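**Q** Protein chains in written order, with our numbering: chain A, 1 to 299; chain B, 1 to 320.
Keep in mind the hints are simulated off the structure, nothing from the lab. Note that the coordinates shown come from a computational prediction; the quantities given were computed from them, not determined experimentally. Hints are not guaranteed to be accurate.
Dumping the calculated EDC-like pairs for lysine to aspartate or glutamate here, alpha-carbon to alpha-carbon at most 20 Å [what the hints assert, rightly or not]:
#	chain 1	residue 1	chain 2	residue 2
1	A	145	B	65
2	A	145	B	36
3	A	145	B	60
4	A	18	B	131
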Amino acid sequence: MKNNSPFFLALRRFRRHKLAIASLVLLLVMILLVAGAPFLESLLGVDANEVDLFNRMGPGSADHLLGTDELGRDVLARLLYGGRISLATGLIAACIAATIGTVIGLFAGYFGGKLDAFLMRFTDGVIALPLLPLLIVLAALDLNKIGVPESIAESEDISFYRIILIVALVGWTTVARLVRGATLSFKEREFVMAAVGVGAGSIHIMFRHILPNLLSPIIVAVTLSVGNVILLESVLSFLGLGIQPPMPSWGNMLTNAQELIWQAPLLAVFPGLLIFVTVICFNFLGDGLQDAFDPKAEY
Amino acid sequence: MRRFISIRFAQGLLVLFIMSFVIYSLIGLMPGDPIDLMISSDPNMTAADAAQLRALYGLDLPVYERYLNWLTSALGGDLGYSRLFGQPVLQALFPALKNSVMLLGLAFTISVCIAIPVGTLAASRPRSALDYGVNLAAFAGISIPSFWLALMLIIIFAVFLGWLPAGGIAPAGSGVLENLKYMILPAATLSITSIGSHVRYVRSSMLEVLRQDYIRTAKAKGAHKLQVVWKHALRNAMIPVVTILALDFGYLFSGALITETIFSWPGMGKLIFDSIMGNDFNLALIALLFATALTLTGNLLADICYAWLDPRIVVGENKQ
Numbered sequence: 001m002k003n004n005s006p007f008f009l010a011l012r013r014f015r016r017h018k019l020a021i022a023s024l025v026l027l028l029v030m031i032l033l034v035a036g037a038p039f040l041e042s043l044l045g046v047d048a049n050e051v052d053l054f055n056r057m058g059p060g061s062a063d064h065l066l067g068t069d070e071l072g073r074d075v076l077a078r079l080l081y082g083g084r085i086s087l088a089t090g091l092i093a094a095c096i097a098a099t100i101g102t103v104i105g106l107f108a109g110y111f112g113g114k115l116d117a118f119l120m121r122f123t124d125g126v127i128a129l130p131l132l133p134l135l136i137v138l139a140a141l142d143l144n145k146i147g148v149p150e151s152i153a154e155s156e157d158i159s160f161y162r163i164i165l166i167v168a169l170v171g172w173t174t175v176a177r178l179v180r181g182a183t184l185s186f187k188e189r190e191f192v193m194a195a196v197g198v199g200a201g202s203i204h205i206m207f208r209h210i211l212p213n214l215l216s217p218i219i220v221a222v223t224l225s226v227g228n229v230i231l232l233e234s235v236l237s238f239l240g241l242g243i244q245p246p247m248p249s250w251g252n253m254l255t256n257a258q259e260l261i262w263q264a265p266l267l268a269v270f271p272g273l274l275i276f277v278t279v280i281c282f283n284f285l286g287d288g289l290q291d292a293f294d295p296k297a298e299y
Numbered sequence: 001m002r003r004f005i006s007i008r009f010a011q012g013l014l015v016l017f018i019m020s021f022v023i024y025s026l027i028g029l030m031p032g033d034p035i036d037l038m039i040s041s042d043p044n045m046t047a048a049d050a051a052q053l054r055a056l057y058g059l060d061l062p063v064y065e066r067y068l069n070w071l072t073s074a075l076g077g078d079l080g081y082s083r084l085f086g087q088p089v090l091q092a093l094f095p096a097l098k099n100s101v102m103l104l105g106l107a108f109t110i111s112v113c114i115a116i117p118v119g120t121l122a123a124s125r126p127r128s129a130l131d132y133g134v135n136l137a138a139f140a141g142i143s144i145p146s147f148w149l150a151l152m153l154i155i156i157f158a159v160f161l162g163w164l165p166a167g168g169i170a171p172a173g174s175g176v177l178e179n180l181k182y183m184i185l186p187a188a189t190l191s192i193t194s195i196g197s198h199v200r201y202v203r204s205s206m207l208e209v210l211r212q213d214y215i216r217t218a219k220a221k222g223a224h225k226l227q228v229v230w231k232h233a234l235r236n237a238m239i240p241v242v243t244i245l246a247l248d249f250g251y252l253f254s255g256a257l258i259t260e261t262i263f264s265w266p267g268m269g270k271l272i273f274d275s276i277m278g279n280d281f282n283l284a285l286i287a288l289l290f291a292t293a294l295t296l297t298g299n300l301l302a303d304i305c306y307a308w309l310d311p312r313i314v315v316g317e318n319k320q
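Next up, chain A with everything else stripped away, as it sits in the complex (with noise of 0.2 Å):
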């Protein structure tokens, strides 16, 4: 007998998305790996921060499979730690994004009227800023000035929060216009109206009835900007805006490969092919998640 609760629909619909099931083996893979980094460094012998300056932008070796950088460094333990910070960001600065995308979404969406007014003029305004300049301003502000404490403004660790604020701070805005048209139809339903009759507070139906109800779009909407998140982040770092050397990221990687692209083409190649492996595998499983929840939205 089968089992035709919505669930395993979806995960049969789901199933026969050969891209998106090879798309998420792959990411699983790779989150191990880069999760394993400290055993794999060891495994190979090799120090992700370790400088040798007799042996710069070295080819493949035995030592060394992916070479050195242009300061001696195992270039696979680098992409190792810098897949750390690129998919942590990812990750970490999609969900808050869909946080505030949804708490904004539900309020306007629930309550209506001036609210949702003020709340959706407010969403396209934010949607029609240029974005990539805007997150390069906002990366350069001098955090003394904001009255950041100098001993959080100077600690290590700084950029790779303050690249998951920016990001996600411009990042809700689909989130938000998507749960906000949701939750119009949602209001109307007949157990929305049950709760109401029944006393439930304006947040509790919001939060407990309505919300469940939208979890597998916001699901799909944060696989996809997954990606997109990973592709700022990388830009913005190999700006020089985003993660801090020493500290590796694929973007920043590629700062100053670009600069040694006559001498060593090379060390171009892997930090790049990562991020657009990466960022392809979310879309895939974005568009894979989307057809198996929603089956008539595209053919």
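Mind docking chain B on chain A? Use the hints.
**A** Same frame as chain A, but now just chain B:
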């Protein structure tokens, strides 16, 4: 319709006004103000001198007063001087705008000219191998990091093959071919990264149209399949596509920032990046506002196109 356009125009102006204040304040929060720059170039200056200068130029005032001062003179036509270019701001801005229009125009034309036939072809044979291949290629185009694509193109065509220059712009007065040589790689980067989403828009819009009743009618009266797709359907499928293209064109001006910077193409994107990085506050402020205005214009054009191409839709009359 006229009412709708004027409302949207007023909204755009309001967003622009708010943005001018936001960008003004943000730029004030970036490291280094003009006096810091003076101190770093003149070791004899004391802290007292600096304070005096700040008071003289009004830099010790609260941010909204400084903003009002700037706004008054800007509206009076005085946009200030660019530090990097040593020219009035607008004189630095216009050549960059011209260069951007050239490059983006080329890239945009290439992208649209390929996307429309390819997207239509894929939609006319849904779930075929062709459709699958186009979809795959479109996803690749969307997912490729533009700066990495640019680097790869430079490595292949400038470093290994030596066919094309790695960046820059043709010297003034050179012929069309020479100019084109410098534009090929940046234009290719821009069109490859935008073509994916364009193809997907065309395809999904076309699929939507092909499901309509009048398409079935056209088929039923015996029209050839090619005629149905390329004549009856394409026209209607273009309506949402044109609006999306108008929207996209506005974004292109700031979106080309990376490509222009990597290829040292002296356009708007590179100008914005250089002015932010080089503490050229006057220029950065105006260039950013200009980019915002262009994006907003793109949005407005998209809405107008939509209403104009499809008279059934009355935009703004509460779509919900």
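**Q** Now tell me if each hint is right for this structure.
**A** Structure-based check of each hint:
no.: 1; hint: A:145 - B:65; result: 18 Å, holds
no.: 2; hint: A:145 - B:36; result: 14 Å, holds
no.: 3; hint: A:145 - B:60; result: 14 Å, holds
no.: 4; hint: A:18 - B:131; result: 15 Å, holds
Every hint, counting from the list given before, is met by this structure.
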